[in-house]
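There are 6 protein chains.
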Amino acid sequence: MSARKTALVISAHAADFVWRAGGAIALHAELGYDVTVVCLSFGERGESGKIWKRAGVTLDEVKAERRGEAERAAEALGVHDLVSFDLGDYPLEMDRDAKFRLVDVIRKVQPAWMMSHSMWDPYNTDHMYATKVALETRMIAQAWGHNPGEKVLGAPQLYLFEPHQTEQMGWKPDIFLDITPVWDKKRKAIECMEGQEHLWTYYTNLAQNRANHFKRNSGGQSGGRDSRYAEGFQSVFPRTVDEL
Amino acid sequence: MSARKTALVISAHAADFVWRAGGAIALHAELGYDVTVVCLSFGERGESGKIWKRAGVTLDEVKAERRGEAERAAEALGVHDLVSFDLGDYPLEMDRDAKFRLVDVIRKVQPAWMMSHSMWDPYNTDHMYATKVALETRMIAQAWGHNPGEKVLGAPQLYLFEPHQTEQMGWKPDIFLDITPVWDKKRKAIECMEGQEHLWTYYTNLAQNRANHFKRNSGGQSGGRDSRYAEGFQSVFPRTVDEL
Amino acid sequence: MSARKTALVISAHAADFVWRAGGAIALHAELGYDVTVVCLSFGERGESGKIWKRAGVTLDEVKAERRGEAERAAEALGVHDLVSFDLGDYPLEMDRDAKFRLVDVIRKVQPAWMMSHSMWDPYNTDHMYATKVALETRMIAQAWGHNPGEKVLGAPQLYLFEPHQTEQMGWKPDIFLDITPVWDKKRKAIECMEGQEHLWTYYTNLAQNRANHFKRNSGGQSGGRDSRYAEGFQSVFPRTVDEL
Amino acid sequence: MSARKTALVISAHAADFVWRAGGAIALHAELGYDVTVVCLSFGERGESGKIWKRAGVTLDEVKAERRGEAERAAEALGVHDLVSFDLGDYPLEMDRDAKFRLVDVIRKVQPAWMMSHSMWDPYNTDHMYATKVALETRMIAQAWGHNPGEKVLGAPQLYLFEPHQTEQMGWKPDIFLDITPVWDKKRKAIECMEGQEHLWTYYTNLAQNRANHFKRNSGGQSGGRDSRYAEGFQSVFPRTVDEL
Amino acid sequence: MSARKTALVISAHAADFVWRAGGAIALHAELGYDVTVVCLSFGERGESGKIWKRAGVTLDEVKAERRGEAERAAEALGVHDLVSFDLGDYPLEMDRDAKFRLVDVIRKVQPAWMMSHSMWDPYNTDHMYATKVALETRMIAQAWGHNPGEKVLGAPQLYLFEPHQTEQMGWKPDIFLDITPVWDKKRKAIECMEGQEHLWTYYTNLAQNRANHFKRNSGGQSGGRDSRYAEGFQSVFPRTVDEL
Amino acid sequence: MSARKTALVISAHAADFVWRAGGAIALHAELGYDVTVVCLSFGERGESGKIWKRAGVTLDEVKAERRGEAERAAEALGVHDLVSFDLGDYPLEMDRDAKFRLVDVIRKVQPAWMMSHSMWDPYNTDHMYATKVALETRMIAQAWGHNPGEKVLGAPQLYLFEPHQTEQMGWKPDIFLDITPVWDKKRKAIECMEGQEHLWTYYTNLAQNRANHFKRNSGGQSGGRDSRYAEGFQSVFPRTVDEL
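Residue numbers (the numbering used here), protein chains in the order written: chain H, 1 to 244; chain R, 1 to 244; chain Y, 1 to 244; chain L, 1 to 244; chain C, 1 to 244; chain V, 1 to 244.
Think of the hints as simulated: they come from the structure by calculation, not from any bench. You may find that some hints are simply not true.
Copies of the same chain are indistinguishable here, so a pair counts whether it falls within one copy or spans any two.
[What the hints assert, rightly or not] With a straight-line cut-off of 20 Å between C-alpha atoms, the simulated EDC-like cross-links for lysine to aspartate or glutamate are: (1) K132 - E93; (2) K5 - E243; (3) K172 - E243; (4) K108 - E243.
The structure presented is a predicted model; accordingly, all values stated were derived computationally and were not measured.
Turn these sequences into a full structure, and let the hints steer you where they fit.
The following block contains the structure:
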């Protein structure tokens with residue numbers, strides 16, 4: 001285990017971590033965290049429409065392109081370790097071995113916090129499945145009887161990053177993170193997603209509007225701290241503090 | 001405005017702040033906060049059953065006893081300012097003047113955080129009414145056009161302290177505060193409530209069990225920080241942070 | 001206070017208690033309860049459309065007709081005491097005096113259980129207002145300092161009877177009551193509502209279908225107890241028991 | 001009553017209808033609706049911070065400026081009738097007379113649909129109060145006994161327009177409206193709000209992102225209809241149809 | 001793909017589509033839709049109690065009877081294609097092959113809308129499992145990488161038809177469909193369910209009462225459109241419109 | 001089938017039934033019920049941290065210790081039959097055979113009521129999985145076509161016993177059971193859990209505080225029945241009654 005602080009992002013498909021958590025990743029990398037990202041699949045079947053429209057493309061080619069995009073984005077964000085599980089998508093399915101492989105990563109990383117998708121997503125059942133498994137593997141990683149002798153997991157927060165169409169997903173942010181200092185990195189990572197140019201503006205708009213929410217909740221017209229770009233997250237577990 | 005940090009607790013009845021937020025008050029007093037407590041009523045009609053069972057007691061006598069208890073408890077907790085609005089209870093009702101009086105207190109205190117009851121309480125409609133007014137007066141205190149020239153309020157968090165029978169109230173804590181260092185003060189304040197001795201054990205049990213939750217969420221069997229007494233709170237508004 | 005068992009139904013408008021709780025009233029009357037019904041208004045403005053379509057009718061005439069219907073229905077159901085508050089409707093509003101008048105009834109009746117409308121009703125704000133006041137006055141009736149010397153109220157269950165369009169109201173029954181033995185009385189009371197003949201079939205259909213739910217939950221295809229007519233209710237408070 | 005189709009928007013403060021429903025208003029004006037907007041207040045105390053920062057400004061001056069902005073915005077949107085109730089804000093309060101005045105407007109307009117704020121808003125209790133009154137007055141307008149002889153209201157849908165920080169308000173859109181054809185009008189109306197220039201970009205971003213949701217729900221990558229600007233709304237009541 | 005409009009109903013057991021969606025099916029057949037119904041099982045183990053009570057009956061015989069009933073009901077309703085997956089029930093389970101088989105049907109039909117069970121059903125876990133799979137297979141059918149070259153699915157609405165005991169299932173209709181013109185067909189289809197004669201009245205009562213809700217929401221006492229039989233549905237996804 | 005009354009508790013791990021339902025079990029044993037407890041696993045991997053900290057301990061040894069504890073606790077409580085499924089934990093997984101084995105137990109016991117975990121538990125996915133299977137197997141046990149000829153199950157209530165951190169689990173008790181007469185037995189059973197001494201106080205505190213809730217809901221300051229120890233439960237299904 002590193003003496004540095006660590007964090008772990010679990011992404012159902014290759015690009016999810018960029019749009020939804022790119023700012024948090026880049027910011028914590030700058031803050032000295034080793035941030036590990038697990039991509040459970042490349043999103044090769046379900047989130048690569050533009051590539052598939054090319055004549056004669058094969059599944060392996062799609063996966064290779066998506067992998068390349070993810071790697072370039074990860075580098076732009078300062079990801080410490082990008083782990084591709086290559087489990088397939090639409091649907092994403094994880095058997096016991098795949099779950100234990102994720103437990104191995106969790107235990108190796110010993111994250112200060114974990115991050116994954118919203119609990120509910122009627123548009124994309126892979127997303128909510130990833131979160132279900134995140135909870136399950138967090139629990140297994142805490143078990144003294146799983147691979148006895150390994151360092152067991154503590155009780156890291158599980159943050160749920162922002163889904164598309166938040167209201168349909170029942171996602172409610174309880175924390176806004178100012179990502180202004182690393183916005184350029186997130187934008188650069190976003191631009192690695194060459195097949196989805198229409199989303200570049202979408203997520204730039206979103207980051208600006210979340211900055212408005214940041215300001216509103218840090219004081220509003222009466223001295224709220226400025227922010228130009230922000231991300232929102234929902235916490236699953238309560239916090240423990242010594243001062244409110 | 002004081003240069004010290006400040007906080008404001010809004011209590012429907014005289015004793016509520018003791019049972020539900022006594023630890024937070026005492027802890028923040030020790031941390032250097034000036035904590036103001038507003039008691040909207042003494043709970044003289046509805047929460048003084050034991051006193052009323054004495055023959056011939058008058059409403060003024062009940063109020064005087066309750067006031068005395070509240071003052072002694074406030075002193076035990078290190079409350080900076082105990083403000084009694086004396087609005088009557090069962091039901092508690094606030095007209096525009098009473099609301100503006102509360103706005104005056106909020107603006108004078110300029111709290112870093114506010115605290116009140118749960119949003120829902122079918123057993124005690126005074127409680128949820130107090131929270132409704134807390135939200136309304138927080139909004140008015142933010143209005144530049146209310147008493148122009150006064151310093152307007154920023155965007156302090158509103159914490160909801162723990163109600164009786166949490167599950168019936170739909171109250172869900174998202175933060176546990178370790179109050180071990182000030183437990184003796186809270187217990188002393190509790191013991192000022194002479195008419196409700198059966199609740200002394202109840203709230204001691206509760207503080208111990210909330211400490212168990214504190215530990216569980218700070219690491220569990222794998223290094224969770226110890227705590228012997230804790231309190232839980234629910235946040236109404238999202239937080240704004242620079243690090244998760 | 002009577003040595004007989006007692007119950008109290010709080011109805012926003014004159015006819016509500018018939019459609020929604022007529023079976024429970026008649027059944028408990030047969031079981032030896034003195035059932036008191038409070039009609040906060042006659043529903044004269046908002047629920048008397050058919051009468052208003054008659055040329056030249058006055059408000060007093062509408063109220064008199066509605067009162068007559070309610071009295072005949074109450075007699076058919078075996079209501080012990082029908083109390084008309086005549087507070088007006090659309091909107092129903094209750095000041096402190098009106099609330100204390102309701103507290104007086106509650107204390108006089110000392111009901112084993114209370115009953116009122118659903119918590120939410122976007123079609124009819126009078127309905128949810130009545131329930132809000134039912135909770136508030138239940139609380140006041142429990143206060144030792146309200147009219148000291150009177151017998152204070154215990155902790156009767158508050159049942160919410162079935163609203164129109166249950167799903168829109170967020171109403172969920174947790175108890176089904178077999179009203180087969182008193183169906184004829186409920187039907188007779190329903191037929192007292194001469195202006196609303198189209199609803200006679202509606203509520204007969206409903207009672208039959210609720211009997212299906214009764215059977216389904218009492219054993220289904222494997223020995224469920226038969227029922228031909230039933231009513232459903234939602235409980236606000238938890239029960240206390242010595243056997244599950 | 002006009003033979004043209006009609007709609008009614010109820011806005012707590014003068015600017016709300018612009019940010020939140022400007023597109024729907026302008027679009028329906030173009031579709032031949034007479035759209036009436038009721039501003040219950042000018043937002044003079046609570047939503048005019050920038051004006052109040054000017055030395056020596058009076059309440060009447062603030063109201064006059066806000067009124068002017070609202071009138072210019074209404075003209076840009078093609079509002080048929082802008083009705084200012086001037087009831088005051090922070091807090092907004094409506095007595096029986098004010099409610100009946102709103103009932104008069106509802107009955108006069110006989111709207112095909114109504115529109116107001118979200119049901120919940122812990123930041124701004126005026127907003128949820130306006131919606132509460134919208135439901136109450138819709139009910140009164142349906143009462144045959146209210147001003148007998150007037151044409152009573154049918155059952156128009158009540159749409160809830162988009163609040164700030166949707167997730168905190170528990171607001172969930174079930175309908176997206178393409179406002180691309182009238183975007184220029186909405187933008188022009190937005191620019192009438194001279195004191196809130198920082199929100200111009202916010203609501204432009206939002207309209208673009210809602211257009212993304214429009215496309216996603218009308219076919220996505222497989223032929224979704226294009227839209228560049230959209231607004232979302234939540235329906236309170238069920239629809240009645242002859243074809244799904 | 002047909003040039004005609006199409007729709008797809010996914011039914012966990014053979015009879016579900018009759019009770020819950022028979023009106024919608026028959027109406028849309030008359031409107032020119034090709035309506036496909038997929039029965040994932042015959043309900044042979046769990047919903048054929050009456051048949052099993054006959055001495056010596058075998059599983060194959062039960063399935064044959066249920067299949068016959070479903071076919072006769074489908075014919076009465078004008079179903080275009082009745083597809084029996086014969087996957088078994090109590091519990092219904094679908095492996096990847098079964099899911100892909102359903103994806104094949106979805107893609108072949110290219111439905112304008114889909115329909116299945118409520119999201120939650122503690123009485124019958126097969127029901128909610130069918131809806132879970134409906135969402136999952138809808139997603140897969142939208143994936144460009146699933147059987148590349150096939151026409152991918154757009155974004156059809158998923159309607160949830162009415163479960164038994166709606167309130168226990170958390171089902172809330174947001175749309176009522178007038179099925180008066182096809183009631184005779186639905187009743188005829190219902191009567192094909194010979195083993196469940198006690199439910200004939202139940203669903204006739206229900207259709208009549210839903211017609212009352214149809215009327216209430218289309219104008220009430222002030223000109224609501226008449227309807228004698230109706231069905232209710234809950235929408236999962238938001239709609240996209242050009243006029244409210 | 002016994003002529004005695006019966007009940008069935010389904011526990012994900014060996015100790016769960018002790019902490020959460022020990023009072024209900026002991027009380028009903030005294031009331032003449034044969035109470036069967038199914039432990040789906042021993043909690044050997046995930047809930048035996050203290051044992052695993054001993055050097056060189058093996059999985060079989062952990063299981064044997066946990067089995068011994070569960071047996072001694074069951075004896076203290078008067079459990080009629082303790083059935084250990086030994087399916088493994090963290091994660092608990094049940095294939096079709098395991099489910100049918102549980103159906104066999106349910107049918108053999110023919111319980112008047114069943115009991116299991118809360119519906120939601122983000123800390124411990126085994127818990128909510130057990131409840132999911134409890135609902136599924138209850139359904140299968142009701143199917144006439146499952147092992148035709150066996151006595152099918154009626155419609156027993158499913159109670160959800162109290163989870164750790166109730167508010168995080170969304171668990172809401174609707175029934176409080178007085179366990180004062182059997183508290184000594186529950187405490188003795190608790191003390192069989194030698195590895196978890198820190199929880200002895202926790203669950204004693206909890207039982208005392210639930211007794212406070214029992215009293216509050218049975219009359220409060222106005223004659224509530226006394227109780228010194230209680231347990232709370234949430235009901236899944238509605239009740240059917242002949243008197244409220």
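Outcome of the hint check:
Both within a single protomer and between protomers do K132 and E93 lie at most 20 Å apart by alpha-carbon distance, with minima of 11 Å and 14 Å respectively. In the homo-oligomer, the alpha carbons of K5 and E243 lie at most 20 Å apart only across protomers (12 Å), although the nearest pairing inside one protomer, at 22 Å, exceeds that limit. In this assembly of identical chains, K172 and E243 lie within 20 Å of each other by CA distance solely across copies; the values are 19 Å between and 24 Å within a copy. Taking the shortest alpha-carbon separations for K108 and E243, neither the intra-copy value of 31 Å nor the inter-copy value of 22 Å comes in at or below 20 Å.
Consistency note: the structure conflicts with earlier hint 4 alone.
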